[in-house]
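Letter by letter, the chains look like this.
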Amino acid sequence: MIPETDLIKDAQNGHSAAFKELVDRHKEKLYYLCLDLTGRHHDAEDLSQETFIKAYKNLSRFREESKFSSWIYRIAVNTHLNQRRKKSVTAMQTTEKMDTLHWGSEHTAAAVNPEEQAHAGQIQEHIDKAMDRLSPKERCVFILRHYDDFPLADIAEIMGISVGTVKSTLFRGIKKLRKALSFYKCDPGMETGYVRL
Amino acid sequence: MLDCKRTEELMIEAIYGELSEKESAQLETHLDICGDCQQAYADIHSTLGSMSKRERKDPGPVFWNNYWGNLAERMNEEAAGNAPTGIIIWFKSLISFNSWPARIIGAAAILVLGIWLGRGTQNNVKILPDQVSRSAVPAELASLNQRASNYMQRSKVLLLGLINFDTESEDTYSLNLPKQQQISQDLLTLTNDLKYDLNENANHKLKRLITDLELILLQIANLESEHDLEAIEMVKNGVDRRGILLKINLEEMKQASQPVQHRDNPPHAVI
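Chains A and B are the protein sequences, given in the same order. Positions 813 to 1009 (my numbering) are the ones given, in order, by the first sequence. Positions 68 to 338 (my numbering) are the ones given, in order, by the second sequence.
Among these hints, one or two may not hold up.
Quick list of in silico lysine to aspartate or glutamate cross-link-like pairs, DMTMM-like style, CA-CA up to 25 Å [what the hints assert, rightly or not]:
id, chain 1, residue 1, chain 2, residue 2
1, B, Lys120, A, Asp940
2, B, Lys72, A, Glu969
3, B, Lys124, A, Glu937
4, A, Lys832, B, Glu88
Since the hints were derived computationally from the structure, they do not count as laboratory data.
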């Protein structure tokens, strides 16, 4: 297996086969990150492709101090956050209205009978809806830590923020998720035990 | 002694196994005496347990097999340059005027320009009958078109052989893959020069087609075995998805409608 540093150097020198190999090695993880960020297959495909294209165009700027995976993740996250920022206020208001329609108030959510809700498909739906409650930044931090297993320091590098901010953002995000999923509290299928240190 | 704010940070680190032993002991001490933090810690665990049940849908093997092809196609499109030309930018800026006076002025300008051009054509130029639908092609361009035409013709024969090969019913030896690969490699050696010359002549559409063909030819040249039916199907799908044979046919029809330059008898307009 060719070392990644060699592939990067070859790709920087214009060898498209080397870049193809880099894409093959990272496409899966990147696609799933994009899927977590966007929530839709087509958006994820689009974002992951855009990320690779940006990476290709800026390969000469890549320095080996950081990992290639962290670098492309950073491109993906920044591209996603920029796209979100560009969305119009109207679109955001519409989304908020739809969220309210789906979720109602927290009281309504808490009043739902967990036994009726605890079907597999519905669980996924509720988890997705809970994720939608996070701000784009909270969502990014949570996904990178919880699903992609990046250490807090790496997330700070990817997002361009301090480790302290990563921790506080993550804590805030988890609190929101806890509220959104509070009606599952009594459901043993959704609980994991309290783990002491 | 830890306060509750600092404990929040430590909880996050503890949950994801990023806490040192010393800090871990400090956190445990605090949790023993602070009921609120103990509850918060349990809630975090519970929430994260729920979130871990989230499933990611695999988009399937077709998606992964076509991933590079789709990406390369998009990169080619971007590289071919979709930037609008100056006249289009100008026209867009004209029609994007919001005020009605600006729209009227723009429309009037186009009308005047059209009348002026029409009068100039009617008064000064007589077109010979054989020039009605055909414009002259300079000799250099004709030579380039000829090269491109040969390239496309050879590629077409190659691709038709592959497309018509049924991986389910036919014997792979009938495909004669080594020969097809040799032809692909021969064609690939011509590709760069052709693309360069087409670029010089600003024939971006034909260049895009040659780029598409290049990708397919590369795939054929790199097939590891004639028994790799999945890879052969992938190439066939790529040809189909990009509509390459259709594009070649269209390009051939376009070229057939252009006359070849004759040095002895240059076409002319009578003014």
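For the pair supplied as a hint, Lys72 (chain B) and Glu969 (chain A), confirm whether the alpha-carbon distance does not exceed 25 Å.
24 Å, holds
Quick one, are Lys124 (chain B) and Glu937 (chain A) close enough, alpha carbons at most 25 Å?
Holds. Lys124 (chain B) to Glu937 (chain A) sits at ~13 Å (cutoff 25 Å).
Restraint check for Lys120 (chain B) with Asp940 (chain A), where alpha carbons must lie at most 25 Å apart:
11 Å, holds
Distance restraint between Lys832 (chain A) and Glu88 (chain B), which requires alpha-carbon spacing of 25 Å or less:
Violated. Lys832 (chain A) to Glu88 (chain B) sits at ~43 Å, over the 25 Å cutoff.
Hint check: a violation occurs at hint 4 only; the rest are consistent with the structure.
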